[in-house]
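Peer 1: Between the sequences and the hints, there should be enough to build the whole structure, so can you do that?
There are 2 protein chains.
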Amino acid sequence: MTDARVAGVGLTHFGSHPERTGRDLFGQAALRAFEDAGVPREDVDALNVGNFMGSITENQGHQAPLLAEAAGLTCPATRYEEACASAGVAVREAVKTVRSGEADVVVAGGMERMSHLPTEDVTAGLSTAADELFEVRSGMTFPGAYALMARAYFDEFGGTRTDLAHVASKNHEHALPNEYAQYQRKVSVEEALDAPPVASPLHLFDACPITDGASAVVLVSEAYAAEHDVDAPVAITGTGQGTDNIALQDRDHMARTPAADQAAEMAYDDAGVGPDDVDVAEVHDCFTIAEVLATESLGFFEPGEGIEAAREGVTTKDGDLPINLSGGLKAKGHPVGATGGSQIAEVTRLLRGDHPNSEHVADAEVGVAHNAGGTVASAVVHVLEVDA
Amino acid sequence: MTDARVAGVGLTHFGSHPERTGRDLFGQAALRAFEDAGVPREDVDALNVGNFMGSITENQGHQAPLLAEAAGLTCPATRYEEACASAGVAVREAVKTVRSGEADVVVAGGMERMSHLPTEDVTAGLSTAADELFEVRSGMTFPGAYALMARAYFDEFGGTRTDLAHVASKNHEHALPNEYAQYQRKVSVEEALDAPPVASPLHLFDACPITDGASAVVLVSEAYAAEHDVDAPVAITGTGQGTDNIALQDRDHMARTPAADQAAEMAYDDAGVGPDDVDVAEVHDCFTIAEVLATESLGFFEPGEGIEAAREGVTTKDGDLPINLSGGLKAKGHPVGATGGSQIAEVTRLLRGDHPNSEHVADAEVGVAHNAGGTVASAVVHVLEVDA
Numbered sequence: 003m004t005d006a007r008v009a010g011v012g013l014t015h016f017g018s019h020p021e022r023t024g025r026d027l028f029g030q031a032a033l034r035a036f037e038d039a040g041v042p043r044e045d046v047d048a049l050n051v052g053n054f055m056g057s058i059t060e061n062q063g064h065q066a067p068l069l070a071e072a073a074g075l076t077c078p079a080t081r082y083e084e085a086c087a088s089a090g091v092a093v094r095e096a097v098k099t100v101r102s103g104e105a106d107v108v109v110a111g112g113m114e115r116m117s118h119l120p121t122e123d124v125t126a127g128l129s130t131a132a133d134e135l136f137e138v139r140s141g142m143t144f145p146g147a148y149a150l151m152a153r154a155y156f157d158e159f160g161g162t163r164t165d166l167a168h169v170a171s172k173n174h175e176h177a178l179p180n181e182y183a184q185y186q187r188k189v190s191v192e193e194a195l196d197a198p199p200v201a202s203p204l205h206l207f208d209a210c211p212i213t214d215g216a217s218a219v220v221l222v223s224e225a226y227a228a229e230h231d232v233d234a235p236v237a238i239t240g241t242g243q244g245t246d247n248i249a250l251q252d253r254d255h256m257a258r259t260p261a262a263d264q265a266a267e268m269a270y271d272d273a274g275v276g277p278d279d280v281d282v283a284e285v286h287d288c289f290t291i292a293e294v295l296a297t298e299s300l301g302f303f304e305p306g307e308g309i310e311a312a313r314e315g316v317t318t319k320d321g322d323l324p325i326n327l328s329g330g331l332k333a334k335g336h337p338v339g340a341t342g343g344s345q346i347a348e349v350t351r352l353l354r355g356d357h358p359n360s361e362h363v364a365d366a367e368v369g370v371a372h373n374a375g376g377t378v379a380s381a382v383v384h385v386l387e388v389d390a
Numbered sequence: 003m004t005d006a007r008v009a010g011v012g013l014t015h016f017g018s019h020p021e022r023t024g025r026d027l028f029g030q031a032a033l034r035a036f037e038d039a040g041v042p043r044e045d046v047d048a049l050n051v052g053n054f055m056g057s058i059t060e061n062q063g064h065q066a067p068l069l070a071e072a073a074g075l076t077c078p079a080t081r082y083e084e085a086c087a088s089a090g091v092a093v094r095e096a097v098k099t100v101r102s103g104e105a106d107v108v109v110a111g112g113m114e115r116m117s118h119l120p121t122e123d124v125t126a127g128l129s130t131a132a133d134e135l136f137e138v139r140s141g142m143t144f145p146g147a148y149a150l151m152a153r154a155y156f157d158e159f160g161g162t163r164t165d166l167a168h169v170a171s172k173n174h175e176h177a178l179p180n181e182y183a184q185y186q187r188k189v190s191v192e193e194a195l196d197a198p199p200v201a202s203p204l205h206l207f208d209a210c211p212i213t214d215g216a217s218a219v220v221l222v223s224e225a226y227a228a229e230h231d232v233d234a235p236v237a238i239t240g241t242g243q244g245t246d247n248i249a250l251q252d253r254d255h256m257a258r259t260p261a262a263d264q265a266a267e268m269a270y271d272d273a274g275v276g277p278d279d280v281d282v283a284e285v286h287d288c289f290t291i292a293e294v295l296a297t298e299s300l301g302f303f304e305p306g307e308g309i310e311a312a313r314e315g316v317t318t319k320d321g322d323l324p325i326n327l328s329g330g331l332k333a334k335g336h337p338v339g340a341t342g343g344s345q346i347a348e349v350t351r352l353l354r355g356d357h358p359n360s361e362h363v364a365d366a367e368v369g370v371a372h373n374a375g376g377t378v379a380s381a382v383v384h385v386l387e388v389d390a
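For the record, the sequence lines run as chains A and B.
Heads up, the first sequence is in my numbering, so the first residue is 3 and it goes up one at a time.
Heads up, the second sequence is in my numbering, so the first residue is 3 and it goes up one at a time.
Everything labelled a hint here was simulated from the structure, so no lab data went into it.
Incorrect hints may appear among the rest.
Since copy identity is lost for identical chains, a pair holds within one copy or between any two.
What the hints assert, rightly or not - With a straight-line cut-off of 20 angstroms between C-alpha atoms, the simulated EDC-like cross-links for lysine to aspartate or glutamate are:
| hint | residue 1 | residue 2 |
| --- | --- | --- |
| 1 | K319 | E367 |
| 2 | K319 | D278 |
| 3 | K98 | D5 |
| 4 | K188 | E314 |
| 5 | K98 | D47 |
| 6 | K98 | D272 |
Peer 2: Below, the structure written as structure tokens:
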């Protein structure tokens, strides 16, 4: 079996771009990925794109052929939708396709566009990732759902709003040098604590913003890279996916994310590494509590200990295990259907040494990307390794 | 490489089921597929589901975990959206996953639910498969788009409304014994001609109905089938996918479907067969003209000759090459996200000899399924073969 190697990555600026269409955004990300890879479009065998709610926000389903055209591709194109993990599954299936030998070059990524709509419409759209019958009709939206998860966590393991504010402040700090980030601005712990409440115990800076953006990565087989002299030092060596019940009420435990546990175990087994081998990670911090839960599912910390790690700075850029050096969903932004591809792009840049925050992980060899859908009813984890 | 074998298939009744939820429908199809396969749920490695517009019609995105729960599955679950070819790509990726050796048992299928909404809302929802900027905002909906394709066909190759009425009448005749069909009723050529116009030259019986329904197929590796003594005489021996520009204005030719040409070529090459080897086919007859175009893309007839074949009865149950013995989308119904899985189920039943229309293709060894999205901006073709 061949590894799937990352030949190139491309991102748009993440932010509010109401004047740009989805095809414009994805076309730019794809162009940048092709340029980074040095791989001609004609060699692309398949395109996998993630998009969550274009049929609601842009009145546009059937995004795959549209985004293929935008990227100048004529190969088979497929859309994946797994809520906020849409691009994660698009990448995962691309990895599988390359590994199977069926294709030498697959482009994976995603796009989302939301900022042109009123916030209440975006919130309603995002809520379609929850269980319509058992959550949404009761008035549940995602800030409320994650607030319940934070409360359950605090009840069982302890922790405070201040601990979560450390996550927000850290990720804003990390985003400062990232030119793709929506918010290149500092947020102190005090500012986060003073921000207005959204759904107690979560306040404004505990939540990721509304973001437009696109991501693309070019994956190639080892044979293709060798034959065409493609510089692709980073390989995706592990991929895993997990699924859980959507509705929180159907879960055994509201302060755990077993779908991510499963995805992580599968990805680690696949790569033949463990959590102790990981040097850097991008995780799905749609809310600050989500980052804490992610770091536990990934095995970096025991259940209940992720909050302490956040409090003590273990996951800062100068800590033992920097998390979300890109700024994360929190500060870099969360264009839902693009996020999973963005994480792969950011981990790749960090491992290659060309990320503005690479200096903080200069010797990093193993990176992880953790992408989740809804309240982690879906999770995709990838392990990336750079040639030592 | 192992073949992906069809261990079992399951369908709900296709029709108007406004009182049933999507999870109820898919759960029933999956249960029937498990029963047909004799494969326990615990052995399922992955679930691939097609759904086109649940986020619009049911306010429910993120369908994969929901439908996994409905099917009693805890494996990784992924939603595919490719407009009306959503389940086709879900099956295709399942085939690839089994072939790669990564999984032994994958369930693929789909679900759509529309009939609870007013027709104008369904039409608006379906139109999200067209190009929002360049078609929908100009007032284009699918009856209009296919009417343009029919006019272009008539202009170039000849053909009449009466020829298309033969397609409708044939498919209604085929649906008569199919207990899953929405319309088990005869429609004569005269009745079709007398029906009210929808978008000239297409009249009411040239269009498929609004349908709720679900489909599921259980695919297994050869090794799994042998080890567990699973009766799976039909294998999916070829899979292909093609992509084209969405907007008709961007096509070189409005009376051709090159995405389906590509998908067919890829699937035939993959299976090592050609159009002359095919004994029976289910094709995407969302409109009568679409069946004609499909039979040409599949290489059964030269461009411009499909209409003559329809007129002369070549594709009837007693003809040389029976098309849509299930009744097709036209009479069996078109629950958009389920259709591609239903076609695989129907071809499997026909080849196994347990379809109510199997008698008409008693010696059939090779079957084809052709599933298309939009005005064939996406196409998926599968070749199925039964052990001789």
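Peer 1: Find the hints from earlier in the document that the structure breaks and name them by number, from lowest to highest.
Peer 2: Nothing - there is no hint that the structure violates, so all of them hold.
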